[in-house]
Amino acid sequence: MKNHFRLGLFIFITPVLLWLLLLIIVPHVELLLMSLHGKDDMGRTVWTLANYRNFFTEEIYWYTFVRTALYAVIVTILTFLVTFPVAFYITKIVSPRLSGFLTVLLLMPFWVSELVRVYGWMILLRESGVINHLLTSAGLLDAPVEMLYNDITMLMGLVYTSMLFMVVPLISSLEGMDDSLIEAAHDLGASPMTIFYRIIIPYAAPGITSGSIVVFMLALGNYLTPKLMGGKNSLWFTEQIYNEFIASFNWNQGAAFGFLLLALSSLIIWAGLKISKQQLGKALS
Amino acid sequence: MAPVLDIQHLRKTFGDFIAVDTLNFQVEDGSFFSILGPSGCGKTTLLRMIAGFQQPTEGKLLIRGRDMSRVPPNRRPVNLVFQNLALFPMMNVRENIAFGLKRQGVGAPEISRRVDSLLERVHLSGYGNKDISQLSGGQKQRVAIARSLVLEPSLLLLDEPLGALDLKLREQMKIELKKLQADVGTTFMYITHDQSEALVMSDRVAVMHNGRFEQIDTPRNLYSNPATRFVAGFVGETNILPVRASSSAPLQVQTSFGLMLRATPVGNCQSDTLDLFIRPESIILTPAESHEDINLFPLTVQNILFDGSNTKLLATVGQSDHELLVALPQNQQFAHIGKGDTVPAGVHVDSCRCYPRGGS
Ligand SMILES: Nc1ncnc2c1ncn2[C@@H]1O[C@H](COP(=O)(O)OP(=O)(O)O)[C@@H](O)[C@H]1O
Ligand SMILES: [Mg+2]
Numbered sequence: 001m002k003n004h005f006r007l008g009l010f011i012f013i014t015p016v017l018l019w020l021l022l023l024i025i026v027p028h029v030e031l032l033l034m035s036l037h038g039k040d041d042m043g044r045t046v047w048t049l050a051n052y053r054n055f056f057t058e059e060i061y062w063y064t065f066v067r068t069a070l071y072a073v074i075v076t077i078l079t080f081l082v083t084f085p086v087a088f089y090i091t092k093i094v095s096p097r098l099s100g101f102l103t104v105l106l107l108m109p110f111w112v113s114e115l116v117r118v119y120g121w122m123i124l125l126r127e128s129g130v131i132n133h134l135l136t137s138a139g140l141l142d143a144p145v146e147m148l149y150n151d152i153t154m155l156m157g158l159v160y161t162s163m164l165f166m167v168v169p170l171i172s173s174l175e176g177m178d179d180s181l182i183e184a185a186h187d188l189g190a191s192p193m194t195i196f197y198r199i200i201i202p203y204a205a206p207g208i209t210s211g212s213i214v215v216f217m218l219a220l221g222n223y224l225t226p227k228l229m230g231g232k233n234s235l236w237f238t239e240q241i242y243n244e245f246i247a248s249f250n251w252n253q254g255a256a257f258g259f260l261l262l263a264l265s266s267l268i269i270w271a272g273l274k275i276s277k278q279q280l281g282k283a284l285s
Numbered sequence: 001m002a003p004v005l006d007i008q009h010l011r012k013t014f015g016d017f018i019a020v021d022t023l024n025f026q027v028e029d030g031s032f033f034s035i036l037g038p039s040g041c042g043k044t045t046l047l048r049m050i051a052g053f054q055q056p057t058e059g060k061l062l063i064r065g066r067d068m069s070r071v072p073p074n075r076r077p078v079n080l081v082f083q084n085l086a087l088f089p090m091m092n093v094r095e096n097i098a099f100g101l102k103r104q105g106v107g108a109p110e111i112s113r114r115v116d117s118l119l120e121r122v123h124l125s126g127y128g129n130k131d132i133s134q135l136s137g138g139q140k141q142r143v144a145i146a147r148s149l150v151l152e153p154s155l156l157l158l159d160e161p162l163g164a165l166d167l168k169l170r171e172q173m174k175i176e177l178k179k180l181q182a183d184v185g186t187t188f189m190y191i192t193h194d195q196s197e198a199l200v201m202s203d204r205v206a207v208m209h210n211g212r213f214e215q216i217d218t219p220r221n222l223y224s225n226p227a228t229r230f231v232a233g234f235v236g237e238t239n240i241l242p243v244r245a246s247s248s249a250p251l252q253v254q255t256s257f258g259l260m261l262r263a264t265p266v267g268n269c270q271s272d273t274l275d276l277f278i279r280p281e282s283i284i285l286t287p288a289e290s291h292e293d294i295n296l297f298p299l300t301v302q303n304i305l306f307d308g309s310n311t312k313l314l315a316t317v318g319q320s321d322h323e324l325l326v327a328l329p330q331n332q333q334f335a336h337i338g339k340g341d342t343v344p345a346g347v348h349v350d351s352c353r354c355y356p357r358g359g360s
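If you're matching them up, the sequences are chains A and B in order. End of the first sequence sits at 285 in our numbering; the numbers just go up one at a time, nothing left out. End of the second sequence sits at 360 in our numbering; the numbers just go up one at a time, nothing left out.
Because the hints were derived from the structure by calculation, they are not lab data. Predicted model, so just to flag it, every value in this text is computed and none were measured. One or more hints might be untrue.
Here are the computed distance ranges between Cβ atoms for each label pair [stated by the list, open to error]:
1) A/G281 with B/S136: 24 to 30 Å
2) B/R357 with A/F196: 52 to 58 Å
3) A/L267 with B/S125: 41 to 47 Å
4) B/S117 with A/V82: 43 to 49 Å
5) B/T22 with A/V104: 40 to 46 Å
6) B/G15 with A/F196: 30 to 36 Å
7) A/F56 with B/S125: 55 to 61 Å
8) B/N84 with A/G281: 24 to 30 Å
Below, simulated BS3-like cross-link-like pairs (lysine-lysine); rule was C-alpha separation at most 27 Å, straight line [unchecked claim]:
9) B/K140 with B/K168
10) B/K179 with B/K168
11) A/K92 with B/K140
12) B/K339 with B/K312
13) B/K178 with B/K168
14) B/K102 with A/K277
15) B/K140 with A/K282
16) B/K102 with A/K92
17) B/K130 with A/K282
18) B/K130 with B/K140
19) B/K130 with A/K277
20) B/K174 with B/K312
21) B/K168 with B/K312
22) B/K140 with B/K178
23) B/K102 with B/K130
24) B/K130 with B/K174
25) B/K130 with A/K274
Under 10 Å between C-beta atoms, here's a sample of chain B residues computed to sit facing chain A [as the list claims (entries may be wrong)]:
26) P72
27) R75
28) A86
29) K102
Each residue gets a CB set at the ideal place from its N, CA and C atoms; glycine is no exception.
If we strip away everything but chain A, and leave its shape as in the complex, we get (with noise of 0.2 Å):
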């Protein structure tokens, strides 16, 4: 009986552990010995810190994290401003029936692939695009202007691209949240401001701790959006990894950013968590 289920916890266990093990830590493993690695004088391969050196020393490295780090912050936040009337709205204020179609209308422009949504953004923004397009032919502007290519524009696409992921948490833990709170709240004295300050905010807080970690992730290793809606001047960390690995073919240098990316974004998640007295484990269980 016993090993039955060993066996069969074997069987079921073997591909989740091969598959971490294959794509996942081998691959890791890797790009860590790679990124320790470098050229000596003489253009033999040799143990360095020199790579990670490179971040600290040269300028427009870490400026580039910096301003990476700071946008992703902010697209967070915005994202949370945006999501949160939306769930609120959803989960509250309409009726069950109608909130899960609002839900599933609210999911689905996220069934198309990103590419192909910042590609519609570009339709609509850009020099030729549909926005210049109306309001020169209805004389609000005498000539079409370039919408894209700056910080607003790229902001306003990674919102975008995150939303789904902070207003999916959010809404699951606004629907566990019993409406009488509220009006208990109400009862004892409370002003709306207060119960929001009060009963909802600390009531959503898993929801809104998992939402933001993960937006946050996905902005801050977002290559895509940057890329397509912020150009040339849009100086995102992702690139600058893209670039040491294609375009100067530095894949030490490259595997060195990566794992800075990594412990960099872990130590600003860490520090929010410690900031807003919220635990990893509760905000994803």
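Based on the hints, put chain B with the ligands in the right spot on chain A.
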């Protein structure tokens, strides 16, 4: 002094449906007032109007003489204990109870003092720092009540607060709530569909049916002197017999199985199809004296429902198939009675109450 609560012509409709139908009543200061009615009769709707979560369609609602129509729930001097308690899961017991005081801007030392004194009152001293999820059903109940009581409201509204508890705990909480109310002196307005809760705890009970009050009275009067057919059937156990009036003044009725009884009419008993109500304990087995005010008939025991001090018999009159519930006196006088025995029985005319069939 004005009554705590004064309700005048209060009405609430949802579309065509009348949930609360033109109520008029007052609740006196310091009393335990219950509203008893089957589920769906409009109890919660009435309570939510008093708390301010629903606007009356018509009528007025005064608390201590002040009109409440424009006062939002967070400014009314009433607090509501919710049917599902609605304790804040992200706060511990102490924070839950302190929530209302903080909103009033009471200072921290004062909050701490008042929370402690209330925790002691509801026998939860030492539980202040526990999480809500660590409490048992009865403890949660008491936290919910403490959370409202700490604000010293003019009126505490309780919406079936014992509904979720198991039977044993419910019995215990009934007594505790009654004691607590006497202790703090706050006016309680208690809603329930359980007649025993209402009878045990209240000073006065309003019986509600289809949005209307059928009777507002003391528990004793409600039980022994129900004003309408609905109250007679809803409050307490009773035998209901459909009867025909064979003569009025004095009223004489005939049951479907042919038994003739003298009875007391309540309300408008002009029609000749009536309902006769007899409480199980008013049927006396082997009555000692045969007074003219006592209806006599033989009972055949069909079944014995043993339940300790609450043991009852199911019996038929002669060979008819209409079973009557008869309470046995507490002494062991009838311990020898067995299935199939025939015993003489009697019931006083005053205990045979007739109500018009159908309507209220
Ligand atoms: N918001 C509402 N809209 C429509 N009907 C309602 C609403 N609230 C309650 N009702 C109806 O009013 C009646 C009384 O409800 P309620 O006051 O909750 O009864 P109780 O608390 O006595 O069980 C019920 O038939 C219910 O369906
Ligand atoms: Mg109810």
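Taking the hints in turn, this is what the structure says about them:
| no. | hint | result |
| --- | --- | --- |
| 1 | A/G281 with B/S136: 24 to 30 Å | holds, 26 Å |
| 2 | B/R357 with A/F196: 52 to 58 Å | holds, 56 Å |
| 3 | A/L267 with B/S125: 41 to 47 Å | holds, 45 Å |
| 4 | B/S117 with A/V82: 43 to 49 Å | holds, 46 Å |
| 5 | B/T22 with A/V104: 40 to 46 Å | holds, 45 Å |
| 6 | B/G15 with A/F196: 30 to 36 Å | holds, 32 Å |
| 7 | A/F56 with B/S125: 55 to 61 Å | holds, 58 Å |
| 8 | B/N84 with A/G281: 24 to 30 Å | holds, 28 Å |
| 9 | B/K140 with B/K168 | holds, 16 Å |
| 10 | B/K179 with B/K168 | holds, 17 Å |
| 11 | A/K92 with B/K140 | holds, 25 Å |
| 12 | B/K339 with B/K312 | holds, 12 Å |
| 13 | B/K178 with B/K168 | holds, 16 Å |
| 14 | B/K102 with A/K277 | holds, 22 Å |
| 15 | B/K140 with A/K282 | holds, 23 Å |
| 16 | B/K102 with A/K92 | holds, 26 Å |
| 17 | B/K130 with A/K282 | holds, 18 Å |
| 18 | B/K130 with B/K140 | holds, 11 Å |
| 19 | B/K130 with A/K277 | holds, 19 Å |
| 20 | B/K174 with B/K312 | holds, 25 Å |
| 21 | B/K168 with B/K312 | holds, 21 Å |
| 22 | B/K140 with B/K178 | holds, 17 Å |
| 23 | B/K102 with B/K130 | holds, 19 Å |
| 24 | B/K130 with B/K174 | holds, 24 Å |
| 25 | B/K130 with A/K274 | holds, 23 Å |
| 26 | P72 | holds, 8 Å |
| 27 | R75 | holds, 8 Å |
| 28 | A86 | holds, 4 Å |
| 29 | K102 | holds, 9 Å |
Consistency note: the structure conflicts with none of the earlier hints.
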